[in-house]
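Protein chains: 2
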Amino acid sequence: MQIFEECGNTDVEGVDSTNACYGGTAALFNCVNWVESSCWDGRYGLVVCTDSAVYAEGPARPTGGAAAIAMLIGPNAPISLESKYRGTHMSHVYDFYKPNLASEYPVVDGKLSQTCYLMALDSCYNRFCSKFEKFEGRMFSIVEADYFVFHSPYNKLVQKSFARLYFNDFKRNCSFIGKEARDKLEPFSTLSGDESYQSRDLEKASQMVAKHLYDKKVQPSTLLPKQVGNMYTASLYAAFASVIHKKHNILDGQRVVMFSYGSGLTSTMFSFKLNDGQHPFSLSNIANVLDIPRKLESRYEVSPEKFVETLKLMEHRYGAKDFLTSKDTALLSPGTFYLTHVDSMYRRYYARKVDDGAVGCANGPQVNGH
Amino acid sequence: MQIFEECGNTDVEGVDSTNACYGGTAALFNCVNWVESSCWDGRYGLVVCTDSAVYAEGPARPTGGAAAIAMLIGPNAPISLESKYRGTHMSHVYDFYKPNLASEYPVVDGKLSQTCYLMALDSCYNRFCSKFEKFEGRMFSIVEADYFVFHSPYNKLVQKSFARLYFNDFKRNCSFIGKEARDKLEPFSTLSGDESYQSRDLEKASQMVAKHLYDKKVQPSTLLPKQVGNMYTASLYAAFASVIHKKHNILDGQRVVMFSYGSGLTSTMFSFKLNDGQHPFSLSNIANVLDIPRKLESRYEVSPEKFVETLKLMEHRYGAKDFLTSKDTALLSPGTFYLTHVDSMYRRYYARKVDDGAVGCANGPQVNGH
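Just so you know, the sequences run in chain order A and B. When the letters of the first sequence are read in order and numbered with my numbering, they come out as residues 1 to 370. When the letters of the second sequence are read in order and numbered with my numbering, they come out as residues 1 to 370.
Incorrect hints may have been included.
Same chains, same label: a pair holds when it works inside one copy or across any pair of copies.
Unchecked claim - Once the Cα atoms are required to be at most 30 Å apart in a straight line, the calculated DSSO-like pairs of lysine-lysine come out as:
hint, residue 1, residue 2
1, K353, K98
2, K84, K160
3, K84, K179
4, K171, K98
5, K134, K226
6, K246, K98
7, K321, K111
8, K312, K98
9, K321, K98
Keep in mind that the hints were calculated from the coordinates and are not lab data.
Only chain A is shown next, with the shape it has when bound in the complex (with noise of 0.2 Å):
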């Protein structure tokens, strides 16, 4: 809020949307909500999807990972939601949640999770089918879109995602499954939907037939995602900014599938329909500014040892008050903001990285008092 009352604009609408995962989204929709009610006023809506994916020692640890992915949003945009597809499944679990507020460690049952990820797919898909099918009087399925972008917390739930909608569109009929994947599905077709979401053969099987879909059809969302890690509320959109880094020049008129997931859990299937758009909001331009591979090169790399001690560090520093962190600001590309103290009362002071080509009121670095 600093930078925009800097500016002199204090008029500003909307606040936090707090939901794991599926935070991103549910600011997504509500802006662009904002900008088709009565209430809009003609300016931009701004999404700041933003987390650092940490865990405990453990397992989990290396699926870590942290990023921002911020969103303009208007009308006439190269990219618009195709809102009557929606479908939307919510429920109450304890898959993956973080109940020790002195801590920022979340307690996993992954095995919950990952059945919950499924079984919420499940059930946007049957929604987002019949939604789709309300609407256009024909019936859905993966052939119908372009490109599918799921919730990436690591790359094989994103393989078995896929697979799955396979295989219900094997369970639906539809007509594009040739003889050959059929016959490999058949023997799963009488599973329960809990022996279906165990079963380790039809993970497999299925896999196998959408091989050459997936690679297709989801592969090009799979680069930052595999880069970066885990990214909790950005993952979804980062993975979609990997089709826009790979495909800008040819996704003019395709339709981009996109399955948001939190924890607890609440879920959307939505599709996105892209048209190259006219510059500066054209797909290529979007691709130019994002500069995935100097972001990606720019990156730097640490020994284990050193993101163990770093963690420990936050840690110590979690809801903690009256510290100054590192002057070092080295790693830091220029035009970062960073966090250089926090009070006795815990209140944050931050500063920003010289940048030369910075644009807008500021001047040089900037301390934003409270």
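Once you've looked at the hints, dock chain B against the given chain A.
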């Protein structure tokens, strides 16, 4: 969410909107925008604002309270937003906040918080007025609205707030202010903004000249805030419910101006236009369902010692695991959901007190597992 699931409905959209006492207003705006958006599917929206306002030992403790307000959102409502006149002011301040994650108690800078509130009120009012004037082609002043409802942490601030709007109208040269009032306020017309927030004499003078309008336009909203104490995010809507309760038979065609404030800070002034509506969504039936007199009468008085003891237990259990709550539900109203158990994994279990008049899916007492 469990209540919806038990009824077979998991297709529910929307997540928590979190921002101190402003959260409920953010949720209301999000929900109304949803109904106005292209993705709305014809169902009602539901906004629940709830908080318990508790303070550490000290002078603020007796101002605490607790409440929940639920609002049903849909088209053709008897209470509708005048969406074009909204005035918002956001700023980054540490006036009231909860930095200690292990405690439910806030850190409060009372003097700063009051000044922030009044500055935000001025800013929102100016924006509200200029938007009104742009669309209506005439000046706005407090005579244009029949009622003013303020976020009400304590009644003295509500009195100051309305007097502040009157002082704003005086400075804007509004014609309804007679010579006598004008003479009383003239000595303060040259005060700087900051001086005017600190001046006790201005406070006294403006409250005096505004008194007759306060009694008419504000007093009806003060019933619940005075009786229940601070309710944080439910406070504004409990104050509005007081107006419905007291005036429902004469509200047709009237305008109610609302001022929502959340520390941190987020604030918006907006207005409702009311019409009698049609049963069951008539103002008189809403007043009937609210049944404020019975709810106030059914309160149970405890001694300050017992209250302090209860807060000690709350402190002890805040963020805790592995405990059972009291089995004594004698003081709960029939139909109330209550916490029974937090297990060793911090999972929470609820039951519902038997309510012979309950409708819907519930059959007697329920235990909602995770």
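Tested hints:
Proximity of K353 to K98 under the C-alpha cut-off of 30 Å is restricted to the inter-copy arrangement: shortest distance 29 Å between copies versus 32 Å within a copy. Taking the shortest Cα distances, K84 and K160 sit within 30 Å of each other inside one copy (27 Å), while across copies they are farther apart (47 Å). In the homo-oligomer, the alpha carbons of K84 and K179 never lie at most 30 Å apart, since the shortest distance is 33 Å inside one protomer and 59 Å across protomers. Neither within a single protomer nor between protomers do K171 and K98 lie at most 30 Å apart by alpha-carbon distance, with minima of 37 Å and 51 Å respectively.
For the homomeric pair K134 and K226, neither the shortest alpha-carbon distance inside one copy (36 Å) nor that between copies (52 Å) is at most 30 Å. In the homo-oligomer, the alpha carbons of K246 and K98 never lie at most 30 Å apart, since the shortest distance is 35 Å inside one protomer and 44 Å across protomers. Only between protomers do K321 and K111 lie at most 30 Å apart by alpha-carbon distance; the minimum there is 23 Å, versus 37 Å within a single protomer. With identical chains, the CA atoms of K312 and K98 are at most 30 Å apart both within one copy (18 Å) and between copies (24 Å).
In this assembly of identical chains, K321 and K98 lie within 30 Å of each other by CA distance both inside one copy and across copies; the values are 21 Å within and 13 Å between.
Violated hints for the displayed structure, listed by number in ascending order: 3, 4, 5 and 6.
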